[in-house]
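*Asks:* Could you put the whole structure together from the sequences, leaning on the hints where they help?
Residues per chain are reported as follows:
Number of protein chains: 2
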Amino acid sequence: MKTYQEMTAAERAEEFDRVSAEYKKLKNLGLKLNMARGKPGKAQLDMVSDIFDQLKSDSDFQCDRMDVRNYGELSGLPCAKELFAQILDCRPEQVFVGGSASLQLMYDTISKAYTHGLLHSPRPWCREENVKWLCPAPGYDRHFKVTESFGFELITVPMTSSGPDMDVVERLVKDPAVKGMWCVPKYSNPDGIIYSNETIFRLAAMETSAPDFLLMWDNAYCVHEFEGEYVSFPDMLAVCEKSGYPDRVFEFASTSKITLPGAGVAAMAASEANLDYMKRLMGVQIISYDKVNQLRHVRYLVDKAHTLKLMKRHAAILGPKFKTVLQALNAEIAPLGIASWQNPKGGYFVSVNAIPGTARRTLALCKEAGVVMTGAGATFPYGKDPNDSNIRIAPSLPPVEELQQAVAIFCTCLKLAALEKLNEK
Amino acid sequence: MKTYQEMTAAERAEEFDRVSAEYKKLKNLGLKLNMARGKPGKAQLDMVSDIFDQLKSDSDFQCDRMDVRNYGELSGLPCAKELFAQILDCRPEQVFVGGSASLQLMYDTISKAYTHGLLHSPRPWCREENVKWLCPAPGYDRHFKVTESFGFELITVPMTSSGPDMDVVERLVKDPAVKGMWCVPKYSNPDGIIYSNETIFRLAAMETSAPDFLLMWDNAYCVHEFEGEYVSFPDMLAVCEKSGYPDRVFEFASTSKITLPGAGVAAMAASEANLDYMKRLMGVQIISYDKVNQLRHVRYLVDKAHTLKLMKRHAAILGPKFKTVLQALNAEIAPLGIASWQNPKGGYFVSVNAIPGTARRTLALCKEAGVVMTGAGATFPYGKDPNDSNIRIAPSLPPVEELQQAVAIFCTCLKLAALEKLNEK
Numbered sequence: 001m002k003t004y005q006e007m008t009a010a011e012r013a014e015e016f017d018r019v020s021a022e023y024k025k026l027k028n029l030g031l032k033l034n035m036a037r038g039k040p041g042k043a044q045l046d047m048v049s050d051i052f053d054q055l056k057s058d059s060d061f062q063c064d065r066m067d068v069r070n071y072g073e074l075s076g077l078p079c080a081k082e083l084f085a086q087i088l089d090c091r092p093e094q095v096f097v098g099g100s101a102s103l104q105l106m107y108d109t110i111s112k113a114y115t116h117g118l119l120h121s122p123r124p125w126c127r128e129e130n131v132k133w134l135c136p137a138p139g140y141d142r143h144f145k146v147t148e149s150f151g152f153e154l155i156t157v158p159m160t161s162s163g164p165d166m167d168v169v170e171r172l173v174k175d176p177a178v179k180g181m182w183c184v185p186k187y188s189n190p191d192g193i194i195y196s197n198e199t200i201f202r203l204a205a206m207e208t209s210a211p212d213f214l215l216m217w218d219n220a221y222c223v224h225e226f227e228g229e230y231v232s233f234p235d236m237l238a239v240c241e242k243s244g245y246p247d248r249v250f251e252f253a254s255t256s257k258i259t260l261p262g263a264g265v266a267a268m269a270a271s272e273a274n275l276d277y278m279k280r281l282m283g284v285q286i287i288s289y290d291k292v293n294q295l296r297h298v299r300y301l302v303d304k305a306h307t308l309k310l311m312k313r314h315a316a317i318l319g320p321k322f323k324t325v326l327q328a329l330n331a332e333i334a335p336l337g338i339a340s341w342q343n344p345k346g347g348y349f350v351s352v353n354a355i356p357g358t359a360r361r362t363l364a365l366c367k368e369a370g371v372v373m374t375g376a377g378a379t380f381p382y383g384k385d386p387n388d389s390n391i392r393i394a395p396s397l398p399p400v401e402e403l404q405q406a407v408a409i410f411c412t413c414l415k416l417a418a419l420e421k422l423n424e425k
Numbered sequence: 001m002k003t004y005q006e007m008t009a010a011e012r013a014e015e016f017d018r019v020s021a022e023y024k025k026l027k028n029l030g031l032k033l034n035m036a037r038g039k040p041g042k043a044q045l046d047m048v049s050d051i052f053d054q055l056k057s058d059s060d061f062q063c064d065r066m067d068v069r070n071y072g073e074l075s076g077l078p079c080a081k082e083l084f085a086q087i088l089d090c091r092p093e094q095v096f097v098g099g100s101a102s103l104q105l106m107y108d109t110i111s112k113a114y115t116h117g118l119l120h121s122p123r124p125w126c127r128e129e130n131v132k133w134l135c136p137a138p139g140y141d142r143h144f145k146v147t148e149s150f151g152f153e154l155i156t157v158p159m160t161s162s163g164p165d166m167d168v169v170e171r172l173v174k175d176p177a178v179k180g181m182w183c184v185p186k187y188s189n190p191d192g193i194i195y196s197n198e199t200i201f202r203l204a205a206m207e208t209s210a211p212d213f214l215l216m217w218d219n220a221y222c223v224h225e226f227e228g229e230y231v232s233f234p235d236m237l238a239v240c241e242k243s244g245y246p247d248r249v250f251e252f253a254s255t256s257k258i259t260l261p262g263a264g265v266a267a268m269a270a271s272e273a274n275l276d277y278m279k280r281l282m283g284v285q286i287i288s289y290d291k292v293n294q295l296r297h298v299r300y301l302v303d304k305a306h307t308l309k310l311m312k313r314h315a316a317i318l319g320p321k322f323k324t325v326l327q328a329l330n331a332e333i334a335p336l337g338i339a340s341w342q343n344p345k346g347g348y349f350v351s352v353n354a355i356p357g358t359a360r361r362t363l364a365l366c367k368e369a370g371v372v373m374t375g376a377g378a379t380f381p382y383g384k385d386p387n388d389s390n391i392r393i394a395p396s397l398p399p400v401e402e403l404q405q406a407v408a409i410f411c412t413c414l415k416l417a418a419l420e421k422l423n424e425k
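Just so you know, the sequences run in chain order A and B. For the first sequence, position 233 (counting from the first letter as 1) is numbered 233 according to our numbering, and the numbering increases by one without interruption. For the second sequence, position 189 (counting from the first letter as 1) is numbered 189 according to our numbering, and the numbering increases by one without interruption.
In case anyone wonders, no lab produced these hints; they're calculated from the structure. Careful: at least some of the hints might be erroneous.
Copies of the same chain look alike in the list, so a pair counts if it works inside one copy or between any two.
Okay, derived cross-link-like pairs now, DSSO-like style, lysine-lysine, Cα gap no bigger than 27 Å in a straight line [what the hints assert, rightly or not]:
hint, residue 1, residue 2
1, K56, K309
2, K384, K279
3, K304, K27
4, K345, K309
5, K421, K24
6, K384, K174
7, K24, K42
8, K367, K32
9, K145, K367
10, K32, K323
11, K145, K56
12, K174, K312
13, K384, K367
14, K367, K323
15, K421, K25
Note that the coordinates shown come from a computational prediction; the quantities given were computed from them, not determined experimentally.
*Replies:* So this is what it looks like as structure tokens:
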């Protein structure tokens, strides 16, 4: 079979007619499908809802020598710190357990850098002339929006198959205005790439001009394999400490995709000096987060080993969904040479790079045919993909049958957009 | 019986010996008692813990056409908005339901005014030369600390028996640097005063020089009568609207003292224009708060009438505690003319004004005798009571028997400190 590029103009015209007819047929089905967000599906939610059977009698609420129902313990229940320390492979003293959203802990960290400064800041960032921020892209749109909302200048760093391009990063951090960087180090959003040990070491050890350079280490998918065994991953806090920069990194995680997206527990981890500093600021914002929910999670997840067992059960639901997407891409698209993608084994996304200039068109066609996906450009700073190429697929929410239909439509739209583009020339 | 002031020096010396001996005896009991914080006691927590029996089967999590376990609905569940709208007597469209802490919603409102500005701000407050803030005092220390932490200049406004001294307020808001004011309008913390209708109207209608003047209306004790019937209270959003300043006020409330302090639900209410503006900013910070806990509360509290019935049950526990404190003060202290206090019928505190210059000494004596209370000065901006007179008693946590001992010690310390002071002269 020829790729679209190898075809003659006449062959492409014929293929265009064929694909157009197929698209019309699919559109006429009048489907309503959604692959836009990394939301767990109903089967996953039902599977973990026995978490609400954990706390029953009054004595169940006593833990760590306190009544978890009352005020207190800003930085979280000690037993919840222990659980997250196991999952993140760090020490409990380095953990701060918060509310239900890790995004909120991330936002609050950056917000406090802006209003008050970090531990090593010469001044609050709102008093800086200019703050620049490194955004490995494709990346997570909500990350980019946090730093954009504070008026930072977002600088795109290209992603490689081993993480952000470190030559570029090391050059950029020589600028003292560059104050930090977003990272999703394991099963990156959306590529599903695991940062290599070399990348991790270079991020920890690089010399930055800003004394308060902040590595936002969003370990959102730390135990989120949907295929194969758990892949262990370096403890970035320890790597930074060994590299002489113990206060460089804030790590984030949550149970949003372990238990429930709307009612999980989020945590952050940082050096004790960083936590002491942040606790003083956060103690003004809140007396304590929901410790009942923290305790409920500790009782339900027990420890890391037990958590990994639960993740296997999630994988049993998620694996077939990713297989559906990847098999369709491999069968329908790979031979045509019109897109490339990684084959992730964890995380929540498949990231497709289409022929430059066709991502937006592909998604418009999808939308017309009733398939909603993450907006084109969303994976880049300011929502602008300079190549109009990257598309994020989120296969977790729809059941497999719906997913099959949605991916079939997506593949058809990808072809149609590619043919339109190639026929332009 | 003579007051301490009416006594001769010899009589006071005799009284001093008597009270000193009593103090020594009490100190030797080696008690450990706590009246420091407005924490509900264990009996209250146990009473409401059947809230955790609400959600059991998978279908229980479907509400308002969504699965509350998943991501989404930034501003809260529609049914939770309806519940808070009933409680606050406003419209559901004016309500934003958050996490477990109203303090966090308050902090985030002020933080966003600082980083981004409010709806009518000419610029973010961090770009203002100087921000001043009105603090009716005695007031709530955590309020004052929020505005202090952003470097605002705190200006003390005297409290009267009908709320903040409005002549002072109306004069101060002519300064364009005065950007806002803290208010606990019903059962004020710590005095337990209910703002009069005139005060409320003047706060809503006054002309402020700042176009973005922000009334922080912390209605923390909106349904928190511990004696007598529910006292209805004007909807400040409507009063501001009628006065021509619909966007002046942000109101806050929570179920921390209706259900559980550590695991309740908090909400804020504001004009729809204000909420639209804030939602745009908050959508960057969080995808959604814990809607499972919101739904649990809706199922448990049902509506305002049912909530008021529950508050009667809290009152049955709290009422005797307040009676214990007030009876002791009336019996032991009133005849001596060394302190004054309100007789609140709701809220969580009794506020005592001792002879100027004796609050700190009284609390030091209490501490020595094993009774921990809110630090002297805490009820004033910067933790400094200019008269060293105000003392906040929080009787909610200890059981009545412990409270009797604690109050006996407190009265003795109050007497001793007064006698020391009067004997100085």
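*Asks:* It remains to establish, for every hint, whether it holds in the given structure.
*Replies:* Hint-by-hint comparison with the structure:
1. K56 - K309: both (24 Å within a copy, 23 Å between copies)
2. K384 - K279: between (36 Å within a copy, 23 Å between copies)
3. K304 - K27: Close neither inside one copy (46 Å) nor across copies (49 Å); limit 27 Å.
4. K345 - K309: within (16 Å within a copy, 54 Å between copies)
5. K421 - K24: Answer is within; shortest intra-copy Cα gap is 19 Å, inter-copy 92 Å.
6. K384 - K174: within (25 Å within a copy, 46 Å between copies)
7. K24 - K42: For K24 and K42, the Cα distance exceeds 27 Å both inside one copy (31 Å) and across copies (66 Å).
8. K367 - K32: For K367 and K32, the Cα distance is within 27 Å only inside one copy (9 Å; across copies 67 Å).
9. K145 - K367: Classified as within; 24 Å inside a copy, 50 Å across copies.
10. K32 - K323: For K32 and K323, the Cα distance is within 27 Å only inside one copy (21 Å; across copies 63 Å).
11. K145 - K56: Intra 41 Å, inter 37 Å, cutoff 27 Å: neither.
12. K174 - K312: neither (43 Å within a copy, 64 Å between copies)
13. K384 - K367: within (19 Å within a copy, 62 Å between copies)
14. K367 - K323: For K367 and K323, the Cα distance is within 27 Å only inside one copy (23 Å; across copies 66 Å).
15. K421 - K25: Result: close within a single copy only, 22 Å intra versus 93 Å inter.
Hint compliance for this structure: hints 3, 7, 11 and 12 are broken, all remaining hints hold.
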